[in-house]
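K.L.:
Sequence:
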Amino acid sequence: MDQKEFCDAVKEQCVLTCRDFLHQELPDLALDHPARYLASLIEGGLPEGLRGLRERFRVLEETSDLQCVRLRIDGRNLATVVLGINLPREEVERALSALRDSDSEERYFLYLFSFAAISDEGSIGSAVMEPELLHLVRDSGIVAYFAMLDPRAGMGMMARIDGDLRSIEYLPH
Numbered sequence: 000m001d002q003k004e005f006c007d008a009v010k011e012q013c014v015l016t017c018r019d020f021l022h023q024e025l026p027d028l029a030l031d032h033p034a035r036y037l038a039s040l041i042e043g044g045l046p047e048g049l050r051g052l053r054e055r056f057r058v059l060e061e062t063s064d065l066q067c068v069r070l071r072i073d074g075r076n077l078a079t080v081v082l083g084i085n086l087p088r089e090e091v092e093r094a095l096s097a098l099r100d101s102d103s104e105e106r107y108f109l110y111l112f113s114f115a116a117i118s119d120e121g122s123i124g125s126a127v128m129e130p131e132l133l134h135l136v137r138d139s140g141i142v143a144y145f146a147m148l149d150p151r152a153g154m155g156m157m158a159r160i161d162g163d164l165r166s167i168e169y170l171p172h
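Numbered continuously in numbering that gives the first Met the number 0, the sequence shown closes out at residue 172.
To be clear, the hints were calculated from the coordinates, so they are not data collected in a lab.
Among the clues, some could well be false.
Unchecked claim - If you anchor each label on the Cβ, the simulated ranges turn out as follows: (1) Pro46 with Glu104: 18 to 26 Å; (2) Arg151 with Arg55: 41 to 49 Å; (3) Ser125 with Gly74: 33 to 41 Å; (4) Glu47 with Glu90: 34 to 42 Å; (5) Asp161 with Thr62: 23 to 31 Å; (6) Ala8 with Arg99: 18 to 26 Å; (7) Pro150 with Pro46: 29 to 37 Å; (8) Asp31 with Lys3: 27 to 35 Å.
Beta carbons are placed, not taken as given, at the ideal position from N, Cα and C, and that holds for glycine.
Using the sequences and the hints, build the whole thing.
P.N.:
Given below as structure tokens:
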């Protein structure tokens, strides 16, 4: 099995989740049970060649205090994805801390934020914007996929923020 192919499939599902969020096309399952939704997307999005190797990998949903998906291959943690929807700054920091402590080779943070879900200015101020997110993931090995939506203004944006490369790449959506 090509580990890169597996990781590429995970990254692709992270990007698709961001796009669906920006187009307001996430199903209720994604909002009610984000880890379950992401786990099913990742499993269903694997290339045919990888699906045949099911006994070698596991996609595990964890929802203890964070919405998390772990991908294990041959008993080792290949990737961990934490999904946060409308998280305040403190929860973002906690999610990133959990990813830093992870023994996974690949660590991803999927951060989706909608201004429509926030009614007061104080809560809007708790959103973590892309420069601050870059600072938080800097030199950590974490890649953040960030989607922010303001449906009232008809605007949205999506970015891939790489802590090791210290870069923000704005993605088409």
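K.L.:
Run every hint past the structure and note whether it holds.
P.N.:
Verification of the hints:
Restraint check, Pro46 to Glu104: a C-beta distance of roughly 19 Å satisfies the suggested window 18 to 26 Å. Between Arg151 and Arg55 the beta carbons are some 47 Å apart, a value that agrees with the proposed interval 41 to 49 Å. Range check, Ser125 to Gly74: about 39 Å between beta-carbon atoms, so the 33 to 41 Å window is met. Against the hinted window of 34 to 42 Å, the Cβ-Cβ separation of Glu47 and Glu90 comes to about 37 Å, which satisfies the hint.
Between Asp161 and Thr62 the C-beta distance comes to about 27 Å, which sits within the given range of 23 to 31 Å. Between Ala8 and Arg99 the CB atoms are about 24 Å apart, so this pair conforms to the stated range of 18 to 26 Å. The hint said 29 to 37 Å for the Cβ distance between Pro150 and Pro46, and at roughly 34 Å that hint holds. Restraint check, Asp31 to Lys3: a C-beta distance of roughly 33 Å satisfies the suggested window 27 to 35 Å.
The structure meets every hint from the earlier list without exception.
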